[in-house]
Amino acid sequence: MTAPRVPGWRRLLLEAGYSLRDFFGTFGAGQLFLLRILASLPYALARPRLVIQQVYVAGVQSLVVIMLAGLFVGMVLALQGHNTLSRFGAEDTIGMVAALGLVRELGPVVTALLFAGRAGTALSSEIGLMKATDQLAGMEMMAVDPIKRVVAPRFLGGVIAVPILTLIFNAMGIFGAWLEAVIVLGVDEGAFWSQMQAQVDLQDDVLSGIVKSVFFGVAASLLAVFEGYNCVPTAEGVGRATTRAVVHTSLTVLVLNFMLTAWLLGGN
Amino acid sequence: MKSGCPGADNIIVVRDLHYARGQAMVFDGLDLEIRRGGVTAIMGPSGTGKTTLLRLITGQEIPDRGSILFDGDEVTRMSRRQLFRMRRRVGMLFQNGALLTDLNVYDNVAFPLREHTRLPERLIRHIVLTKLHAVGLRGAWRLMPAQLSGGMARRVALARAIVMDPDIIYYDEPFVGLDPISMGVVVRLIRRMNDALGLTSVVVTHDVDEVSTIADCSFLLADGRVAATGTPEQLRDHHSETVTQFMQGMADGPVPFHYPAPDYGEQLLAPERD
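Sequence order for the protein chains is A and B.
When we follow this note's numbering, the leftmost residue of the first sequence carries the number 1, and every step to the right adds one.
When we follow this note's numbering, the leftmost residue of the second sequence carries the number 1, and every step to the right adds one.
Check before you lean on any hint, since a few could be wrong.
Claimed, not checked - Simulated DEER-style distance windows between Cβ atoms:
#, chain 1, residue 1, chain 2, residue 2, range
1, B, R236, A, L38, 36 to 46 Å
2, B, P262, A, F27, 36 to 46 Å
3, A, G237, B, P271, 31 to 41 Å
4, A, S194, B, L143, 53 to 63 Å
5, A, L12, B, E61, 51 to 61 Å
6, A, L202, B, L103, 36 to 46 Å
7, B, G22, A, L202, 29 to 39 Å
8, A, G237, B, R80, 52 to 62 Å
9, A, G237, B, R192, 32 to 42 Å
10, B, T130, A, A235, 30 to 40 Å
11, B, R21, A, L202, 54 to 64 Å
Said to hold, decoys possible - So, partial list: chain A residues that the calculated Cβ filter (under 8 Å) puts toward chain B:
#, residue
12, Q135
13, A137
14, G138
15, E140
16, M141
17, M142
18, A143
19, V144
20, D201
21, T261
Stated by the list, open to error - Just a sample of chain B residues kept apart from chain A, beta carbon distances all over 12 Å, derived:
#, residue
22, R15
23, R21
24, D73
25, G136
26, P145
27, A161
28, M183
29, G184
30, T213
31, H238
32, E241
33, D263
FYI, nobody ran anything at the bench for these hints, they're computed from the structure.
Note that the Cβ used here is the ideal one computed from N, Cα and C, for glycine as well.
Turn these sequences into a full structure, and let the hints steer you where they fit.
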């Protein structure tokens, strides 16, 4: 059957309308899903072993990726910083520049993006596969709520892991910056650390980065479990859900980062 | 009619069940009763909604119309809490076992006990080993689900299904993909568990020969309704074409061999794909 002919601009408008409706529908479903998870948190907290296991899976197993990424991001920051700052004879401030860049922006954002790629995909595909192999339905039939037993501990594990990973990323980044600036490029070590100590504020800089990472942790974990739980229970459906989880998390983190930065800077 | 077919004491009563998936009608006024204490087979060709019927009876899906009574309680109107209360009295064996892949055999069987009871670990161990022994897999308690064969996985799932001592067990296609030995084991276990534990068993299957050896009563579904009811022998002697085709495994009949298609010759000679 041939579809009725609709003018191009009208079809475009229709498709935009449908996409907008789908977006708000999914957004609303995500909020309701978050509420269900929050209502299930007492259950998860009463079984700390489940949560600790998920912190291990999401956190410890992402550690190598996070540390390596942190190291090289710190090193490249120092390299670029040195290249620019040395033109003005300000290479002594390189420690401060690298640390501020890391703790305020790069640490939380890159950690969240890496978390989405490493742990978020694992969460989505694991929950999706559990759905595809009737494990979630099996739990329902055993009168066990999968949101409580499967989703809430994984969500909580991610929310706990992301800020900790961010701190580790920051530490490794600063170490990388020191390695490049002091050891390789010969910047004065005393100036490197003292500038950093003097200019990086615990509350305005370090804490604001941690606040961001908590928001990113909630967003990344929520999107990962949401996509997995609501996937079409087929091999293709699980694959699509995993991809969606990474793409949506990456965009959400970047948009959220702008909003949080505006909010946190506005308070100053 | 043999004693296994619906009588006065029915644990499940389905009345005037209507259910459609999209535009496709699945049930069109289905009536069915399942007698307490027997082994009941629900049979029918693929796609007749056997598994959907199980999902409706257990409250995993909601019908468009009709009534489903479980031990006198209306399933279609149950809240989630009430559904969970009902499901504690129910065991279900999924087609693939649905074992939790991150837990070993022992923890899978112990799972419902740990979730629903506060029994000491020592007692849980006792119960789990007893149930595993009943299905012949006590020695496999350490294995992970990925290390089990299809038949073993289904036996572990059976041990898990009976660990809370349910009133009724639903088996969704329990014989699919099993070798003759595993199939024989599962067939005998269904009957043995039913009689030893005083259960009611509902077996959804299209394996006529296997289920005939253990079923007290069989329902044959076709066209959204029950096409025939009776003991396996009664179904074999049934005069309806639908029942005869299914029971004798005939390729063509009321269930056509060919999917609806335009004329063969015309399609072959047509210039384009349509």
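Hints, one by one, checked against the model:
Distance hint for B/R236 and A/L38: a CB-CB separation of about 57 Å, inconsistent with the stated range 36 to 46 Å. A hinted range of 36 to 46 Å holds for the C-beta pair B/P262 and A/F27, which are about 45 Å apart. Checking the proposed 31 to 41 Å range against A/G237 and B/P271 shows it holds: the Cβ atoms sit about 37 Å from each other. Between A/S194 and B/L143, the C-beta spacing of about 60 Å keeps the proposed range 53 to 63 Å intact.
Here the CB-CB span from A/L12 to B/E61 is close to 38 Å, at odds with the stated 51 to 61 Å. For the pair A/L202 and B/L103, the beta carbons lie near 44 Å from each other, so the given range of 36 to 46 Å is met. Separation of B/G22 from A/L202 is about 59 Å and departs from the stated range, judged on CB atoms against 29 to 39 Å. Restraint check, A/G237 to B/R80: a C-beta distance of roughly 25 Å breaks the suggested window 52 to 62 Å.
With their beta carbons about 39 Å apart, A/G237 and B/R192 fall inside the hinted range of 32 to 42 Å. Distance hint check: the CB atoms of B/T130 and A/A235 are about 38 Å apart, consistent with the given range 30 to 40 Å. The hint said 54 to 64 Å for the Cβ distance between B/R21 and A/L202, and at roughly 59 Å that hint holds. At about 5 Å, the closest approach between the beta carbon of A/Q135 and any beta carbon in chain B falls short of 8 Å, and the interface hint on this residue holds.
Taking 8 Å as the C-beta contact cut-off toward chain B, the hint placing A/A137 at the interface holds, the least distance being around 7 Å. For the restraint placing A/G138 at the interface with chain B, the shortest Cβ-Cβ distance is roughly 3 Å, inside the 8 Å limit, so the hint holds. Residue-level restraint check for A/E140 holds (minimum Cβ-Cβ distance to chain B is 7 Å; threshold 8 Å). Annotation: A/M141 was flagged as interfacial toward chain B, and the flag holds, the nearest CB pair being 4 Å apart, inside 8 Å.
Contact between A/M142 and chain B, as hinted, is supported at the beta carbon level, the nearest pair being about 5 Å apart and thus within 8 Å. Because the beta carbon of A/A143 sits about 4 Å from the nearest beta carbon in chain B, less than 8 Å, this interface hint is met. Taken as an interface hint, A/V144 checks out: its beta carbon lies about 5 Å from the nearest beta carbon of chain B, inside 8 Å. Residue-level restraint check for A/D201 is violated (minimum Cβ-Cβ distance to chain B is 44 Å; threshold 8 Å).
This hint is violated: A/T261 has a C-beta 39 Å from the nearest C-beta of chain B, more than the 8 Å allowed. With a least beta-carbon separation of about 23 Å from chain A, B/R15 lies farther than 12 Å from that chain, consistent with its non-interface assignment. B/R21, annotated as away from the interface, keeps every beta carbon of chain A farther than 12 Å; the closest lies near 15 Å. Interface exclusion of B/D73 from chain A stands, the closest Cβ pair being 15 Å apart, more than 12 Å.
With a cut of 12 Å on Cβ distances, B/G136 stays outside the contact zone with chain A, its closest approach being about 21 Å. Non-interface call for B/P145 relative to chain A: violated, since the shortest CB-CB distance, roughly 10 Å, does not exceed 12 Å. With a cut of 12 Å on Cβ distances, B/A161 falls inside the contact zone with chain A, its closest approach being about 9 Å. No beta-carbon of chain A is positioned within 12 Å of the beta-carbon of B/M183; the least distance is around 20 Å.
Chain A leaves B/G184 outside its interface by the beta-carbon criterion, the shortest separation being 25 Å against a cut-off of 12 Å. Its beta-carbon lying about 26 Å from the closest one in chain A, B/T213 satisfies the requirement of being farther than 12 Å from that chain. The Cβ of B/H238 sits about 33 Å from the closest Cβ of chain A, beyond the 12 Å cut-off, so the non-interface label holds. Distance to chain A confirms B/E241 as a non-interface residue, since its nearest Cβ pair spans about 34 Å, more than 12 Å.
Taking the minimum C-beta to C-beta distance to chain A, about 19 Å, the non-interface status of B/D263 holds against the 12 Å cut.
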